[in-house]
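Trainee: Sequence:
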Amino acid sequence: MKKIIIATKNKGKAAEFKAFFNKTGIEAYSLLDVNNQLPEIEETEKTFEGNAALKAEKIADVLGVPVLADDSGLIVDALNGEPGVYSARYAGEPTNDQANIDKVLEKMQAISQEKRTARFICVLALVIPDSETIFCTGYCEGEISSEQAGTNGFGYDPIFIPAGYSITLAQLSSKEKNKISHRSNAIAQLEKWLQNI
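In terms of our numbering, the numbers along the sequence shown are unbroken and rise by one, the last being 197.
The hints are simulated quantities; they were obtained by calculation from the structure and are not laboratory data.
Remember, predicted model here, so these are calculated numbers, not experimental data.
Just so you know, not all the hints are guaranteed correct.
[Claimed, not checked] List time: in silico SDA-like cross-link candidates among lysine to any residue, alpha-carbon distance up to 25 Å:
#1 9 / 170
#2 13 / 26
#3 3 / 13
#4 18 / 34
#5 11 / 131
#6 11 / 189
#7 115 / 34
#8 9 / 46
#9 107 / 146
#10 192 / 26
#11 2 / 28
#12 46 / 27
#13 107 / 135
#14 18 / 103
#15 103 / 16
#16 11 / 115
#17 3 / 170
#18 11 / 135
#19 23 / 44
#20 11 / 146
#21 46 / 23
#22 11 / 166
#23 13 / 150
#24 9 / 89
#25 18 / 46
#26 177 / 75
#27 13 / 30
#28 2 / 16
#29 58 / 146
#30 13 / 141
#31 46 / 131
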């Protein structure tokens, strides 16, 4: 495997994956680098694995090269796993981070601190043409804060306190956050897999 397409148009995410693959000697490109007219892929699956595989497989079919896609979200125990696969659009369309945060905080108002456990999950799906899809999963355990704090992050970062910390992900430096994030934990799994092939 000499080249790989990262199934994202998110510049930050693309840069993170490119930096990882550069270390392994694999050239990585994002969808921003691809000239082909690719179909818009709706995330219609009920699981993170399903959505990640759906994106990777459809793009690999069109381009005929290895493709890596991810699906990630927030799982809150007191909300029976919500927002889950609907994390990005929890408060409806168009997607809005602040509206999503407000909805979680509102639903959690009556929940005591010891029952506010939650985790971020990231599932990577790697599709290599004519091979089985590979899945790598990473978690970041923590809890939901009672109010939002911090500006260094996106999504639910301002209301998520990672285990072992007393501040939110959005209050951590990017370097510190990347050490413990669900995505970095999934990438660590991927690294192990690549070392074994």
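Trainee: Each hint needs a verdict: does it hold in this structure or not?
Mentor: Against the structure, the hints:
For the hint linking residue 9 to residue 170, the alpha-carbon distance of about 22 Å falls within 25 Å, and the restraint holds. Note on residue 13 and residue 26: the hinted pairing holds, with a Cα-Cα distance of about 17 Å set against a maximum of 25 Å. At roughly 17 Å between alpha-carbon atoms, residue 3 and residue 13 fall within 25 Å of each other, so this suggested pair holds. Only pairs whose Cα atoms come within 25 Å are accepted, and residue 18 paired with residue 34 is accepted, the gap being roughly 14 Å.
For the hint linking residue 11 to residue 131, the alpha-carbon distance of about 28 Å lies beyond 25 Å, and the restraint is violated. For a cut-off of 25 Å, the pair hint linking residue 11 to residue 189 stands: about 22 Å separates their Cα positions. Between the alpha carbons of residue 115 and residue 34 the distance comes to roughly 45 Å, so the proposed pair goes past 25 Å and is violated. Using a Cα cut-off of 25 Å, the hinted pair residue 9 and residue 46 holds, with the two alpha carbons roughly 22 Å apart.
At roughly 11 Å between alpha-carbon atoms, residue 107 and residue 146 fall within 25 Å of each other, so this suggested pair holds. The straight-line distance between the Cα atoms of residue 192 and residue 26 is roughly 15 Å, inside the 25 Å bound, and the hint therefore holds. At roughly 9 Å between alpha-carbon atoms, residue 2 and residue 28 fall within 25 Å of each other, so this suggested pair holds. About 32 Å separates the Cα atoms of residue 46 and residue 27, which puts this hinted pair outside 25 Å; it is violated.
Distance hint between residue 107 and residue 135 is unfulfilled; the C-alpha atoms sit about 32 Å from each other, more than 25 Å. A threshold of 25 Å between alpha carbons decides the hint, and for residue 18 with residue 103 the separation of about 34 Å lies outside it, so the pair is violated. Our distance criterion of 25 Å between C-alpha atoms is broken by residue 103 and residue 16, whose separation comes to about 29 Å. Using a Cα cut-off of 25 Å, the hinted pair residue 11 and residue 115 is violated, with the two alpha carbons roughly 35 Å apart.
Only pairs whose Cα atoms come within 25 Å are accepted, and residue 3 paired with residue 170 is rejected, the gap being roughly 33 Å. With a CA separation close to 23 Å, the supplied pair residue 11 and residue 135 stays within the 25 Å bound. Proposed proximity of residue 23 and residue 44 is contradicted: the alpha carbons are some 33 Å apart, above 25 Å. Proximity of residue 11 to residue 146 is assessed by CA-CA distance (about 31 Å); at most 25 Å being required, the pair is judged violated.
Taken as a hint, the residue 46 and residue 23 pair is broken in the structure, with Cα atoms around 34 Å apart against an allowance of 25 Å. Of the pairs offered as hints, the one joining residue 11 and residue 166 is violated, with about 29 Å between alpha carbons and a cut-off of 25 Å exceeded. About 20 Å separates the Cα atoms of residue 13 and residue 150, which keeps this hinted pair within 25 Å; it holds. Proposed proximity of residue 9 and residue 89 is supported: the alpha carbons are some 17 Å apart, at most 25 Å.
Pair hint residue 18 plus residue 46 does not hold up; C-alpha atoms about 28 Å apart against a cutoff of 25 Å. Pair hint residue 177 plus residue 75 holds up; C-alpha atoms about 18 Å apart against a cutoff of 25 Å. The suggested pairing of residue 13 with residue 30 holds, with an alpha-carbon distance near 9 Å, which does not exceed 25 Å. Pair hint residue 2 plus residue 16 holds up; C-alpha atoms about 18 Å apart against a cutoff of 25 Å.
Straight-line distance between C-alpha atoms of residue 58 and residue 146 comes to about 40 Å, which puts the hinted pair past the 25 Å bound. Annotation: proposed proximity of residue 13 to residue 141 holds, straight-line Cα distance about 20 Å (limit 25 Å). A threshold of 25 Å between alpha carbons decides the hint, and for residue 46 with residue 131 the separation of about 23 Å falls inside it, so the pair holds.
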